[in-house]
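Protein chains in written order, with the numbering used here: chain A, 1 to 398; chain B, 399 to 586; chain C, 587 to 912.
Hint data in this document are derived by calculation from the structure and do not stem from the laboratory. One or more hints might be untrue.
So these bits of chain C aren't anywhere near chain A, every CB distance computed over 12 Å [stated by the list, open to error]:
1. Gly598
2. Gln648
3. Leu670
4. Asp690
5. Glu764
6. Met796
7. Phe816
8. Val911
The calculated lysine-lysine pairs, modelled on BS3-like cross-linking and capped at a C-alpha distance of 30 Å, are [stated by the list, open to error]:
9. A:Lys319 with B:Lys418
10. A:Lys233 with A:Lys210
11. A:Lys322 with B:Lys500
12. A:Lys240 with B:Lys446
13. A:Lys69 with B:Lys473
14. A:Lys298 with A:Lys259
15. B:Lys473 with A:Lys229
16. B:Lys500 with A:Lys325
17. C:Lys659 with A:Lys47
18. B:Lys541 with B:Lys503
19. B:Lys430 with A:Lys259
20. C:Lys663 with C:Lys649
21. B:Lys541 with A:Lys47
22. A:Lys233 with C:Lys892
23. A:Lys325 with B:Lys430
24. B:Lys500 with B:Lys541
25. B:Lys503 with A:Lys69
26. B:Lys418 with A:Lys259
27. B:Lys418 with A:Lys240
28. A:Lys47 with A:Lys240
29. A:Lys52 with C:Lys645
30. B:Lys446 with A:Lys259
31. A:Lys240 with B:Lys541
32. A:Lys229 with C:Lys892
33. A:Lys328 with B:Lys418
34. C:Lys761 with C:Lys909
35. C:Lys656 with A:Lys47
36. B:Lys418 with A:Lys325
37. A:Lys52 with B:Lys541
38. A:Lys69 with B:Lys430
39. C:Lys645 with C:Lys617
40. A:Lys69 with B:Lys500
The beta-carbon is built from N, C-alpha and C at its ideal position, and this holds for glycine as well.
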Amino acid sequence: MDTTLDPNNKPFVSDASVSVEIETEDMTLNIGPQHPSTHGVLRLVAKVDGEKISSVEPVLGYMHRGYEKLAEVRTYPQITTLVNRIDWVSGFANEIPFIAATEKLMEIEVPERAQHIRLILTEMARIASHFVFNGAYALEIGALTPIFLAMEDRERVLDLIESVTGGRFHPNFNRIGGIKPAAGAGPTTKKDIQDLPAGFYEETRIVMEKVLEGVERFENLVGGNEVFKVRTKNIGIITKEMAEDYGVSGPILRASGVKFDLRTKTDFLPYEKFDFEIPIGENGDCYDRWYVRLMEMKESANIILQAIDSMPSGPLQTKVPKVIKVPKGESYVRTENPKGEMGFHVISEGGLGPYRLKIRTPSFSNISILPELLEGQLLPDLIAIMGSLDFVLGDVDR
Amino acid sequence: MRNKLNQSDSQSFLDSISSKFSNIVNEFDTLKINVEASEWTETMSILKNEFELTYFSWLSAVDWENEVSVGDPPKESVNPHFEIICCLSESVEGNLVLVSTKIEKDNPSIDSLVNIYAGSNWHEREAHEMFGIDFIDHPNLTKLYLPDGYEGNPMLKSFELISREVKPWPGDVDVEGMPEDGKEEGDS
Amino acid sequence: MSFGTEILVKVGVVLAFALNGAVICTLMDVKASAWMQRRPGPLHVGLRGFIFPLAEVIKFIQKEDIVPTKVDKTIFKLAPAFILFSVFGLFVVVPISPTLVVVDLNLGVFYLLAISTLSTLGVLIAGWSSANKYSLMGGLRAAGQLIAYELPLILAVVGVVIQAETMSMVGIVEKQIEWGLPFAIAGQGIAFVIFMIAATAEMMRIPFDMPIGESELVMGFMTEYSGIRFLIFYIAEYINMFVMCAIAATIFLGGYHVPLLPVEWVNFYGPVVLLTKTLGLAFILVLVRWSFPRFREDQLQNIAWKILIPLSLLNIFVTSIMKVVF
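Using the sequences and the hints given, assemble the complete structure.
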């Protein structure tokens with residue numbers, strides 16, 4: 001029941017008998033859709049008993065754009081623009097699974113150089129996304145400074161993405177069979193085409209050094225802070241079983257001690273060429289989730305540094321038909337998005353567009369754990385737990 | 399380099415799956431098990447307990463229909479039905495299977511998986527509002543995304559996109575050409 | 587000079603001192619944060635950021651003063667004034683120099699602590715009258731927090747009172763001049779730390795800002811306030827910060843006097859010395875604010891009841907024994 005503070009309706013004081021213990025009703029607290037820490041428009045209907053939460057019901061759909069339906073009326077190249085906007089914090093990483101699923105159905109081999117550039121940009125998107133998380137999470141815990149530092153570092157990475165793709169958030173850079181060349185670079189299928197902007201390698205090395213510095217700074221400034229530790233350690237523990245049951249993926253799953261990273265399990269991009277660690281957590285609490293993401297940024301920076309050192313030459317695109325028609329068949333391709341497992345199930349009937357496109361987004365499954373996780377927690381912990389799941393509403397609602 | 403994306407490449411896993419289930423399709427490196435709707439929950443229990451596919455990835459439906467109001471109809475005529483697809487995985491090797499079943503379009507209903515995989519809760523609610531499929535024994539089968547009072551099931555092929563009725567999508571013509579046609583590739 | 591004019595002059599001087607102190611604190615807060623966060627705005631824009639407080643005030647005055655329909659209007663409008671008066675009231679007994687003090691009450695410390703509790707009431711009625719659940723929770727959190735931290739605040743001062751054998755603020759400063767050392771060094775170090783922690787909690791600044799808790803409670807008890815009423819809360823926060831630091835400087839750091847300087851000239855250098863000490867303490871609070879996250883409500887209560895209060899009781903105990911022995 002809604003216990004609003006209506007001045008004409010005052011049942012509380014007069015009805016209460018002082019000698020017996022007063023039965024108090026839980027207060028319904030609407031957290032969101034407009035609230036500083038709901039990352040957009042998530043709404044949580046929480047029943048609170050003072051500071052304690054007795055139940056939480058997430059209400060979704062404030063940003064539902066019906067991409068699965070829209071995809072049915074679009075051609076394959078047009079869908080790339082849509083999928084960019086699912087998780088806008090890491091736009092580039094969203095394109096990969098869709099493009100990969102389509103290429104798989106068409107049985108196209110993508111040139112090695114294109115794959116390398118895709119990999120570099122995906123890892124840059126991961127760094128950018130994790131920087132946002134790091135800043136925003138500290139802000140939710142109550143530290144006001146880290147967000148500014150994070151945004152500054154992220155801006156450098158976004159500048160790099162922009163210099164290659166022309167877009168900061170929505171690159172729309174992938175083409176079926178390869179990637180888009182730099183403007184005015186001539187035919188895409190010729191060898192050693194000008195694709196990356198001049199000075200890109202140098203610039204990337206400098207920026208990645210800065211990223212590594214930034215990670216270290218965060219480790220000291222945020223991770224070394226006792227208040228941050230007491231706010232996040234042993235808070236919101238997700239066990240391995242619980243995480244798998246709900247389909248929780250990505251850094252959250254790894255924080256629960258599962259060493260599972262799709263980058264090493266599938267070869268949607270040539271990750272097997274590079275050395276990198278998969279950071280995992282021990283307890284599956286908020287601190288571990290924060291720490292795993294921080295370490296992932298370090299690994300991503302290392303992958304990028306290795307990738308630009310071993311960049312192969314060659315064309316950017318294979319020859320594909322002018323009008324892209326995908327043969328009949330169905331394919332599910334999942335990739336490691338910054339937020340977790342992102343997958344596209346493309347069912348093609350041989351037309352210009354897919355017959356059905358199922359978009360499996362990480363944030364949707366990740367926050368479906370919230371009702372179980374938040375029961376019995378305190379209100380400040382709700383914010384800490386919600387923040388540690390690092391969701392984007394576009395990714396939840398699609 | 400071949401872009402093979404082998405998600406279920408473990409041969410022993412493939413063998414054990416094919417020894418247990420008869421109707422399997424393994425195309426485009428996507429392993430799909432077709433089962434009867436009556437065996438739906440039973441299959442899931444087997445996959446979870448015997449094959450250790452404990453990781454629930456997603457569940458959704460496909461509306462197979464010859465008469466479509468949006469997009470292209472299937473090339474070959476199909477028998478109208480709903481296909482329910484559930485994706486399961488495990489988190490050591492990365493083996494992945496899709497489990498598929500067909501149900502009738504009249505009063506579509508199927509057993510809920512919530513007792514086996516807690517994560518299917520929201521996915522089933524989504525399929526319920528988008529396709530109108532009933533999930534039997536689902537604890538809270540209400541709308542997930544759509545506002546209260548919304549009528550219709552938007553993902554059905556018969557559901558029209560109003561804006562498309564007014565102005566057809568120029569998708570057929572507006573296909574990006576290859577740059578070697580001599581024309582400069584525009585900003586697309 | 588008649589009694590009336592004397593009081594007027596004193597009140598005028600104290601008001602000017604308080605308001606300017608608040609402005610300096612605001613500037614310091616903003617500039618230090620910009621420096622730590624590498625934000626160009628408050629460092630370079632508009633006379634190197636020095637007209638920032640002015641721009642802020644003009645901005646808030648321009649804004650519409652919204653009073654929501656369902657609020658308890660009289661109390662809602664009254665609450666900011668309540669808080670503002672309670673923080674101004676604190677200045678009455680703070681000696682800027684031996685003569686420049688509005689009233690040197692015999693029970694100065696007692697008065698101080700009594701008045702500072704009043705702001706609790708202001709926060710609580712602001713939260714209650716707003717008819718907003720976030721405001722209500724913020725108000726209740728504030729009440730719980732202010733009550734919990736009032737105790738260590740008082741108990742920390744009690745140690746000083748025992749050592750100084752007086753409750754008058756001027757008396758406490760005179761005693762420190764007599765000892766030649768401020769109390770923070772001469773025996774009351776722990777009390778000083780406890781006082782500063784409790785004062786931070788009283789000011790509701792990070793890491794103790796749960797009543798406002800922007801990421802949790804939107805803006806806590808201030809959620810429904812806008813325009814000039816919000817500005818009053820804002821100013822009161824900084825005046826409170828300034829006066830609390832001034833009190834700490836007076837009680838623990840020797841107030842308007844520094845050792846080695848001639849006592850006869852104290853009326854001239856007194857205000858400057860006090861201002862320097864106050865701003866020095868305020869700067870520590872600023873640094874803490876911009877580098878720490880926020881505690882949780884129950885952790886905050888634990889710190890008060892399980893650490894600070896036992897420690898301050900121990901401090902009183904030890905001080906009393908020392909007093910008896912020596």
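Non-interface label on Gln648 of chain C, tested against every C-beta of chain A at 12 Å:
holds (23 Å)
12 Å Cβ clearance of Leu670 of chain C from chain A
About 25 Å separates Leu670 of chain C from the closest Cβ of chain A, which puts it past 12 Å; holds.
Would the least Cβ to Cβ distance between Asp690 of chain C and chain A come out above 12 Å?
holds (40 Å)
Hinted pair, alpha-carbon criterion (30 Å max): Lys418 of chain B, Lys240 of chain A. Please report holds or violated.
holds (27 Å)
Keeping to a limit of 30 Å between CA atoms, is the pair of Lys69 of chain A and Lys500 of chain B held or broken?
holds (21 Å)
Taking only the CA atoms, is the gap from Lys229 of chain A to Lys892 of chain C under or equal to 30 Å?
Holds - the C-alpha atoms of Lys892 of chain C and Lys229 of chain A are around 19 Å apart, at most 30 Å.
Status of Glu764 of chain C, Cβ more than 12 Å from any chain A Cβ
Holds, since 39 Å exceeds 12 Å.
Within 30 Å, alpha carbon to alpha carbon, are Lys541 of chain B and Lys503 of chain B?
holds (20 Å)
Is it true that the CA of Lys645 of chain C sits at most 30 Å from the CA of Lys617 of chain C?
Within the cut-off at roughly 19 Å; holds.
Hey, Lys298 of chain A versus Lys259 of chain A, does the alpha-carbon distance stay inside 30 Å?
holds (17 Å)
Checking one constraint from the list: CA of Lys503 of chain B to CA of Lys69 of chain A, max 30 Å. Satisfied?
holds (19 Å)
Holds or violated: are the alpha carbons of Lys663 of chain C and Lys649 of chain C at most 30 Å from each other?
With Cα atoms ~16 Å apart, Lys663 of chain C and Lys649 of chain C stay inside 30 Å; holds.
Consistency with the previously given hints fails for numbers 6, 9, 11, 15, 29 and 36, ordered from lowest to highest.
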